[in-house]
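Protein chains in written order, with UniProt numbering: chain A, 1 to 342; chain B, 1 to 758.
Do not rely on the hints blindly, as some may be mistaken.
Cβ-to-Cβ under 10 Å is the rule here; a few derived chain A residues that face chain B [as the list claims (entries may be wrong)]: (1) K39; (2) T128; (3) A239.
I should point out that these hints are in silico values taken from the structure, not numbers from a laboratory.
As the structure is a computational prediction, the values presented were derived from the model and not from experiment.
Each residue gets a CB set at the ideal place from its N, CA and C atoms; glycine is no exception.
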Amino acid sequence: MNSFTLTQAAAVDEAVSDFAGHTGAAYLGGGTNLIDLMKENVSRPTHLTSLNHLSALGQIEDLPGGGLRLGALATNADTAWNPEVEVRYPLLSQTILAGATPQLRNMATNGGNLLQRTRCYYFYDLATPCNKREPGTGCSAINGMNRVCGVLGTSESCIATQPSDMCVALAALEAVVRVQGPNGERTIKFEDFHRLPGDQPELDNTLAPGELITAIDLPAQGYAKNFTYLKLRDRASYAFALVSVAVGLEMDGNTIKTARFALGGVAHKPWRDQAAEKMLEGQTASPDLFRQVAAKVFESAIGYGPNSFKIELGKRAIVRALKQATEMDQALDSNAFLNTNP
Amino acid sequence: MSQTIATPPTVRLDSDVIGKPISRPEGAAKVSGAAKYAAEYNVPNLWYGYIVDSPIAKGKILKIDVDAVLALPGVKQVFTHENVPSFAWFDRSYKDDVAPGGSPFRPLHEPEIMFSQQPVALVVAETFELARYAASILRIDYEVDENFNTDLEKARAAGKGFDAPKGKTGFLPPPKPKGDAEGAFKAAPHQVTGEYTHHAQHHNPMEMFATTVEWLGDGKKMNIYDKTQGAPNVQQYLRKIFSLSKEEARVVSKFTGGAFGAGLRPQHQVFMAVMAALELEHSVRVSMTRQQMFSMGHRPHTIQDIKLASDEQGYLQSLQHTAFAETSQFEDETETVVNWSGILYKCDNSKFGYELAKIDVDTPADMRAPGAATGSFAIECAVDELSYKAGVDPLEFRLLNYTYSDPTENKPFSSKRLIDCYHEGAKRFGWEQRNPEPRSMREGNMLVGWGMGTGCWDASMQKAAAKASLSADGKLTVHSATNDQGAGTYVIMTQIAAQTLGLPLDQVTFVLGDTNLPEAPLQGGSWTAASVGSAVQATCQEVGKKLLKLAQKMDNSPLDGVAFEDVQFADGHMRANEDITKSVAITEVLATSGEAAVEAESSAQPNPINMLKYSMHSHNAAFVEVKVDEDLGTIHVTRVVNAVAAGRILNPKTARSQVLGGTVWGISMALMEEAYLDNNLGRYMNHNYAEYHVPVNADIHKIDVIFVEEEDDHVNPLGVKGVGEIGMLGVAAAIANAVYHATGKRVRDLPLTIDKLL
Ligand SMILES: Cc1cc2nc3c(=O)[nH]c(=O)nc-3n(C[C@H](O)[C@H](O)[C@H](O)COP(=O)(O)OP(=O)(O)OC[C@H]3O[C@@H](n4cnc5c(N)ncnc54)[C@H](O)[C@@H]3O)c2cc1C
Ligand code: SF4
Chain A
1 MNSFTLTQAA AVDEAVSDFA GHTGAAYLGG GTNLIDLMKE NVSRPTHLTS
51 LNHLSALGQI EDLPGGGLRL GALATNADTA WNPEVEVRYP LLSQTILAGA
101 TPQLRNMATN GGNLLQRTRC YYFYDLATPC NKREPGTGCS AINGMNRVCG
151 VLGTSESCIA TQPSDMCVAL AALEAVVRVQ GPNGERTIKF EDFHRLPGDQ
201 PELDNTLAPG ELITAIDLPA QGYAKNFTYL KLRDRASYAF ALVSVAVGLE
251 MDGNTIKTAR FALGGVAHKP WRDQAAEKML EGQTASPDLF RQVAAKVFES
301 AIGYGPNSFK IELGKRAIVR ALKQATEMDQ ALDSNAFLNT NP
Chain B
1 MSQTIATPPT VRLDSDVIGK PISRPEGAAK VSGAAKYAAE YNVPNLWYGY
51 IVDSPIAKGK ILKIDVDAVL ALPGVKQVFT HENVPSFAWF DRSYKDDVAP
101 GGSPFRPLHE PEIMFSQQPV ALVVAETFEL ARYAASILRI DYEVDENFNT
151 DLEKARAAGK GFDAPKGKTG FLPPPKPKGD AEGAFKAAPH QVTGEYTHHA
201 QHHNPMEMFA TTVEWLGDGK KMNIYDKTQG APNVQQYLRK IFSLSKEEAR
251 VVSKFTGGAF GAGLRPQHQV FMAVMAALEL EHSVRVSMTR QQMFSMGHRP
301 HTIQDIKLAS DEQGYLQSLQ HTAFAETSQF EDETETVVNW SGILYKCDNS
351 KFGYELAKID VDTPADMRAP GAATGSFAIE CAVDELSYKA GVDPLEFRLL
401 NYTYSDPTEN KPFSSKRLID CYHEGAKRFG WEQRNPEPRS MREGNMLVGW
451 GMGTGCWDAS MQKAAAKASL SADGKLTVHS ATNDQGAGTY VIMTQIAAQT
501 LGLPLDQVTF VLGDTNLPEA PLQGGSWTAA SVGSAVQATC QEVGKKLLKL
551 AQKMDNSPLD GVAFEDVQFA DGHMRANEDI TKSVAITEVL ATSGEAAVEA
601 ESSAQPNPIN MLKYSMHSHN AAFVEVKVDE DLGTIHVTRV VNAVAAGRIL
651 NPKTARSQVL GGTVWGISMA LMEEAYLDNN LGRYMNHNYA EYHVPVNADI
701 HKIDVIFVEE EDDHVNPLGV KGVGEIGMLG VAAAIANAVY HATGKRVRDL
751 PLTIDKLL
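Given the sequences, and given the hints that come with them, work out the whole structure.
Written out as structure tokens, the structure reads:
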């Protein structure tokens with residue numbers, strides 16, 4: 001870790017200009033990812049613009065028209081346990097709580113969660129080539145230990161995944177990201193926020209340099225009746241998803257009126273397939289239908305050896321998650337009994 | 001586990017303290033942070049060393065550019081092979097007590113790179129942060145040698161195996177063949193052939209390796225605070241390399257935050273810290289990062305082949321077990337892997353083999369139940385498979401093939417109540433309600449499976465010494481250079497001393513972890529209770545004899561003419577066995593004698609005759625319930641009953657903790673642990689705590705521990721066998737067997753991750 005200077009910005013404008021005024025600056029949220037990356041010398045900012053005093057960005061408030069605004073500096077824990085979120089967006093609450101550990105969620109901020117970097121082993125290890133860390137050096141994962149890497153939307157230059165749980169729900173909920181930068185404010189639709197690696201894997205998202213996330217806006221529809229987050233991982237807690245599925249449905253009896261779902265752990269961004277969602281809408285929920293939908297999602301998937309299992313696992317996860325969301329029977333949840341077991 | 005651990009409970013003076021669930025005397029210090037670990041000795045004027053390790057698996061250092069680093073204010077030195085003096089002429093000077101055969105690794109000795117993450121430099125600076133930063137800008141140019149191999153399967157396919165050589169203390173070569181194993185296999189009606197594997201696993205104790213060297217400014221005198229499982233081993237290693245006297249290299253290790261075998265051999269940070277202190281004549285600390293904990297020892301990747309056959313009834317006809325394991329290019333690390341199969345089961349036709357292959361990794365190391373964890377996984381899975389073929393219940397199958405003597409040595413066991421472990425474990429678990437049919441039990445989406453496994457481990461003893469001092473106020477202090485890596489050495493030695501001299505526990509203090517104390521072996525192999533415990537008992541008996549002599553010098557001594565054998569020590573008194581009214585208080589004896597203290601030093605060692613006559617082992621039987629999601633392959637170990645026969649249990653509380661920890665380790669081995677090796681780069685890639693998985697609390701459910709006590713006069717004077725390793729044995733196999741019972745699918749490659757069950 002190199003030496004750095006640090007400013008506690010008191011207002012959003014001040015943060016943006018502080019950042020612009022320093023070369024090699026980075027914004028600091030909870031620091032649970034950035035500080036780790038600095039200790040590993042993956043990130044070497046020479047200046048940190050800390051956002052931790054921007055109390056205005058720590059709020060969670062109603063939006064006109066029935067939505068909810070999540071401040072970028074609200075912690076993951078405060079967001080997950082917020083009564084409005086719990087009641088109106090239980091999918092989001094469940095998803096956040098499936099991530100990391102209580103200690104990490106107490107520190108992690110919503111803005112930082114969106115911008116956390118991949119967990120591809122090579123990205124963290126300076127001894128290895130990695131296009132995302134050092135463009136042009138090559139991708140070690142493609143022919144290496146890629147068990148945690150992606151199978152959808154990958155490119156020859158990078159097969160990494162976006163590791164967040166929270167973002168999977170935000171994709172399904174069609175959230176909107178509000179940002180402010182040197183050129184003022186703008187909004188970014190969640191599906192446009194993260195990007196595929198293409199030949200520029202160093203770019204995780206579509207933020208312009210210096211842009212700051214101020215909030216995440218949730219639309220009014222929270223799918224609070226029929227939803228599920230299914231996270232499959234190597235241990236019961238404190239592990240990133242191998243595959244995860246967030247589902248929000250609007251049901252009419254056994255008929256699916258609206259369907260939104262997204263996958264985590266399989267791509268460089270939370271993976272949504274709108275054509276697959278359409279296949280569900282207006283249809284009667286059935287295992288066959290779910291299997292067809294799952295097959296459609298993974299049509300274009302490519303396995304790279306150690307991670308090839310994610311294709312079959314992903315399909316099964318979609319089928320199970322859709323079943324859970326339509327039936328809302330917690331007994332179906334393969335992890336649910338863990339909470340009741342002594 | 002809800003008992004308080006802060007204060008030692010009051011013990012009735014007349015009661016025995018051995019066999020009681022006494023809390024650790026050091027517990028309060030540990031939970032309050034007062035217990036100091038190696039990296040916590042904040043000696044004045046400390047400098048900090050940061051280790052730089054190799055990014056490549058094989059090659060040579062061409063050039064190290066130290067100028068930019070040395071130019072940083074506060075950086076004291078950069079040590080590399082270019083400026084570290086050759087301390088010892090011979091590589092054998094680098095051999096420690098438990099080094100395997102071959103040529104030990106000499107840190108910062110040569111430009112050659114033999115494994116990825118090999119330490120190549122040490123940067124010393126005024127602060128840790130500066131040293132770490134300086135290390136990050138140290139430029140090293142390498143000549144990369146692409147001709148390396150870290151893939152054990154590839155080495156095997158290329159015929160690189162060789163018979164494992166002798167050389168390491170404690171290593172038993174495979175047992176001699178018996179009968180006609182191959183012929184009997186072919187002729188038998190039920191056969192199983194299977195290949196069982198697990199991959200490299202790293203110890204990852206909570207406390208990372210660290211050494212603080214306090215430079216005393218008096219010649220070369222140093223206090224070396226080290227994280228180790230044995231201060232004496234570290235001391236003799238350092239003395240040989242750096243030509244130091246015992247006084248110069250005092251090694252202290254009062255607390256060890258887990259080690260599990262990783263701390264048996266001196267690790268490279270202690271070499272570096274001492275080297276830097278000597279060169280700079282200054283106090284220096286070197287601590288490893290979590291990532292660097294993957295740069296040293298690991299349980300070796302091992303491929304095992306088993307051929308097992310039985311007759312119609314389920315009696316074993318042929319038992320063949322071979323293992324093929326990795327070692328480094330420079331040492332031949334060996335484990336006892338296949339022998340356990342031969343010890344556990346009776347079979348007239350048997351054949352064993354154990355080969356190594358050299359790959360370009362660091363030398364593997366002992367990890368909890370080394371060899372046995374590996375071997376028991378394979379044999380216990382194969383036995384389960386064969387029981388199905390023969391149509392015999394897996395427990396019944398083991399009972400049919402039970403042996404009361406050790407078939408590999410043709411000797412009786414000094415004691416063996418495995419059969420009671422089977423019966424009591426099965427009863428507690430409810431095994432009789434098991435439907436043998438795979439996939440026959442379910443709850444919703446979850447398939448339920450029950451499986452079992454057995455283990456066995458050496459009950460060994462090493463020579464150990466202790467000294468004791470009983471002061472006039474009746475307080476006893478006992479010393480030995482042994483170690484406590486969390487197993488409970490402090491408390492059991494306190495109990496043994498208190499019991500031997502009939503003193504209340506709070507009058508007894510046990511001091512350990514210092515090379516100024518009487519020599520004791522490394523803490524490993526589950527032998528500390530037997531070895532150091534016997535030494536403590538012998539030493540306290542010497543104190544007792546001296547006390548008796550003093551008592552007999554008293555006017556009108558009530559013990560006049562009574563032999564030591566006829567005296568009992570209890571309630572702070574010495575009494576004649578035949579008439580306990582003939583009694584005198586120990587403090588009174590001391591007061592009358594006018595002596596300030598009674599002191600004694602003694603040692604204990606194994607009884608060679610008993611060792612010739614008996615095979616000495618602990619055993620266990622583990623019963624496991626798993627729930628497996630039928631579609632998704634997630635596995636949960638919902639219930640374990642672990643029944644252990646390990647001689648006399650000195651302290652059921654700490655012993656239970658050992659077995660609980662062992663059981664969790666077995667779950668970890670079965671479901672999670674694997675250091676993912678990238679064979680293109682020759683490097684372990686998940687080298688951190690987030691990605692190298694061990695269980696979290698949410699993965700652990702009900703664990704029931706049963707001790708089947710054994711009375712054993714032969715094993716050692718205390719009758720103890722040790723419980724450090726036995727608890728993890730059989731657990732991984734029981735889980736794999738339960739998964740088969742649940743799903744009908746045999747997975748023979750650990751860990752049993754989701755992808756293998758799809
Ligand atoms: C061991 C471990 C396990 C974990 N497990 C999981 C898991 O299972 N699931 C999961 O989802 N997550 C997991 N996490 C990740 C965790 O959720 C993220 O680290 C956290 O959400 C990041 O938030 P932060 O506020 O700490 O971000 P920081 O570390 O402060 O920042 C992360 C990045 O975002 C930038 N940034 C922060 N805030 C803003 C802002 N408002 N505007 C612009 N840029 C900003 C920073 O410059 C930095 O680049 C785990 C983390 C660890 C360390
Ligand atoms: S997958 Fe991406 S992050 Fe991983 S090594 Fe390849 S380029 Fe780097």
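Right, here's what the structure says about each hint:
1. K39: Hint on A/K39: holds, closest Cβ of chain B at ~8 Å, below 10 Å.
2. T128: holds, 6 Å
3. A239: It holds, given that the least Cβ distance between A/A239 and chain B is near 6 Å, below 10 Å.
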